[in-house]
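Novice: Here's the letter readout for the chains.
4 protein chains.
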Amino acid sequence: MTTISVVYHSGYGHTEVVALAVGEGVKKAGASLHMIKVGPDGSILDADWEHLNSSNAIIFGAPTYMGSVSGPFKMFMDATSKIWFTKGWENKLAGGFTNSLSMSGDKLNSLFQMAVLAAQHGMIWVSQAEANASTSEAGKSGDNASINRIGSYMGVMTQADNVAPDQSPNSGDLETARRYGARIAESAKRWG
Amino acid sequence: MTTISVVYHSGYGHTEVVALAVGEGVKKAGASLHMIKVGPDGSILDADWEHLNSSNAIIFGAPTYMGSVSGPFKMFMDATSKIWFTKGWENKLAGGFTNSLSMSGDKLNSLFQMAVLAAQHGMIWVSQAEANASTSEAGKSGDNASINRIGSYMGVMTQADNVAPDQSPNSGDLETARRYGARIAESAKRWG
Amino acid sequence: MTTISVVYHSGYGHTEVVALAVGEGVKKAGASLHMIKVGPDGSILDADWEHLNSSNAIIFGAPTYMGSVSGPFKMFMDATSKIWFTKGWENKLAGGFTNSLSMSGDKLNSLFQMAVLAAQHGMIWVSQAEANASTSEAGKSGDNASINRIGSYMGVMTQADNVAPDQSPNSGDLETARRYGARIAESAKRWG
Amino acid sequence: MTTISVVYHSGYGHTEVVALAVGEGVKKAGASLHMIKVGPDGSILDADWEHLNSSNAIIFGAPTYMGSVSGPFKMFMDATSKIWFTKGWENKLAGGFTNSLSMSGDKLNSLFQMAVLAAQHGMIWVSQAEANASTSEAGKSGDNASINRIGSYMGVMTQADNVAPDQSPNSGDLETARRYGARIAESAKRWG
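Protein chains in written order, with the working numbering: chain A, 1 to 192; chain B, 1 to 192; chain C, 1 to 192; chain D, 1 to 192.
Treat the hints with care, as some may be off.
Which copy is meant is left open, because identical chains are indistinguishable; a pair holds if it fits in one copy or across any two.
In silico lysine-lysine, BS3-like type, Cα no more than 30 Å apart, as pairs [what the hints assert, rightly or not]:
| no. | residue 1 | residue 2 |
| --- | --- | --- |
| 1 | Lys28 | Lys82 |
| 2 | Lys189 | Lys87 |
| 3 | Lys189 | Lys27 |
| 4 | Lys28 | Lys189 |
| 5 | Lys82 | Lys37 |
| 6 | Lys87 | Lys27 |
Derived from the structure by calculation, the hints contain no laboratory data.
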């Protein structure tokens with residue numbers, strides 16, 4: 001069975017809400033799912049490493065802090081070097097998502113970081129393929145169902161206000177994340 | 001007298017509106033201004049090259065097309081290689097701005113391109129220093145005065161709907177551009 | 001039959017030599033090949049657009065000039081926007097290569113540009129998976145068979161001295177390009 | 001007196017050798033120097049934060065691990081967010097350097113990360129202005145005095161073989177670092 005891992009860090013819960021939406025998309029597309037949360041020191045369980053190593057695709061997720069992925073997620077990225085030496089993830093599919101307080105917030109830089117990590121592992125990167133909402137009306141109150149309102153393609157970008165994670169990011173962002181999870185699961189089935 | 005050049009390409013007029021706002025900021029800060037428009041083939045006049053070469057700072061501007069600066073602006077960038085050989089722009093100040101239809105639209109990639117160009121010339125890059133608006137309310141109708149609503153720091157990002165340039169980008173984006181022009185002019189005076 | 005297009009610009013012939021090596025790899029892996037050369041104004045033939053649209057994978061190639069893809073190649077990239085509107089390249093595989101005079105020469109920026117273009121089209125990006133040579137001995141005279149001597153993963157980076165294209169880039173760079181072409185052809189077969 | 005801080009992380013000592021060379025350049029140019037080493041958990045001393053806050057320029061340094069700055073250095077970058085809120089580093093000068101095992105090794109991505117951090121703080125980024133060595137002979141044994149042999153401009157890139165830090169990076173890389181330190185010190189004096 002096609003198996004997908006979502007490995008993410010979340011500082012205040014907003015990125016976790018997005019991660020869960022990505023996971024919903026994965027399951028909706030009929031794939032098996034492992035949700036792996038990176039700790040504040042960048043660590044994951046030994047069992048999680050096993051899950052990552054046996055997955056068909058790995059989706060990376062992190063908040064963007066000061067213009068790049070959060071420190072704990074970078075600690076995790078560094079720890080993958082032991083797998084890099086043995087090419088353990090070569091030819092797996094990969095994707096990424098990131099959340100921050102502002103619309104851009106330099107989130108593209110975080111997606112580049114994840115894509116470079118994936119490339120170093122010899123992975124295949126799956127883009128976000130939903131067209132952007134592309135107007136200034138996108139994402140405002142009363143129209144929070146816009147898909148890809150931020151206009152991101154390397155992966156999913158979401159934006160969260162400084163409120164509780166059950167209130168923000170908005171429903172359009174979460175649906176964008178859900179579709180991305182489904183896209184990667186379907187891509188992994190096709191990739192075989 | 002401190003002299004600043006704004007060299008930009010604009011395909012449909014939206015980036016030009018932003019360029020003019022940057023120019024207003026430059027003049028408001030008491031610096032002398034050259035506005036230089038790049039043609040569809042990437043060319044500028046010989047007199048424009050003279051202006052660039054004698055300026056204290058150069059501000060680059062272009063629309064983001066398909067995720068990076070417009071083709072004509074890249075043709076202009078390539079043409080600066082003749083100056084690169086003689087280090088003609090070394091230690092000038094530099095900055096950049098870019099416009100696209102969506103909020104992110106991969107505009108950070110365009111600012112990176114401009115910053116790398118400036119670095120190859122040995123220039124000094126001036127960031128955009130206004131704090132971001134940082135909420136989903138930013139930039140919606142009735143609140144179009146938000147400064148840095150997109151949340152960009154390497155330079156100025158603006159967003160234009162698919163309407164006439166006198167209607168979009170919104171007034172907050174243009175004020176952000178104006179302040180950036182002033183910031184660079186003031187930086188150039190300080191740099192001496 | 002699996003069909004791969006290599007679409008590239010070459011200013012002085014060095015990038016063309018790399019493009020031909022990529023093409024050799026494609027054919028060696030048993031796929032059908034279209035070599036498409038972008039003109040100085042960024043144009044390609046109508047028949048070339050047909051080839052691109054019917055290919056299973058598209059490999060982008062350009063010299064890095066002043067820190068990003070050459071102006072003519074960017075003109076071509078912009079022209080793909082008409083395909084973007086109809087999602088004509090969605091789910092095709094993509095890859096990229098770039099050449100410049102120095103080892104880094106900011107070539108990663110060019111590969112990012114190509115990857116962002118591919119992502120906007122909803123394509124799937126295939127990394128360069130050969131381990132790097134990783135020592136200062138790599139690529140010096142008498143050891144010019146090093147694979148991935150520059151240490152690049154998003155795609156292939158080659159380095160050419162300021163001599164004729166039949167003398168540089170070296171044989172290791174060309175073999176790296178050949179293997180990348182084969183990798184993409186094999187990936188396209190697997191992707192189906 | 002003009003004061004410069006070099007804040008860096010080093011995992012195996014190679015980046016530290018580069019940091020020391022940057023520091024030598026700073027002192028040679030007549031500026032006061034603070035060397036600040038980031039711990040494995042990303043922490044620095046309280047006194048170090050004071051030094052950073054009172055410096056005219058801050059030079060960031062880190063190894064590139066898996067395609068971006070080392071995890072500990074990213075932990076430090078995140079910790080600067082408390083300063084970001086008060087704009088404590090606005091208008092300071094900034095620069096960066098990074099080391100890895102291969103020539104490119106995606107080091108440009110690390111410099112982008114540092115430049116984005118600096119931009120978020122409203123800092124002014126000083127490029128590396130030495131022309132590149134630009135031939136395949138650069139950096140090989142017997143010619144290890146090449147300046148900027150890797151061809152980097154956003155900041156300094158060095159390459160270290162998998163040997164002790166007193167043997168690698170080579171003397172050309174260290175001289176490049178020294179000149180960059182001097183350049184930033186001189187820029188800080190001019191900036192005032």
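Novice: Out of the numbered hints, which ones does the structure contradict?
Specialist: As far as the earlier hints go, only 1 is violated by this structure.
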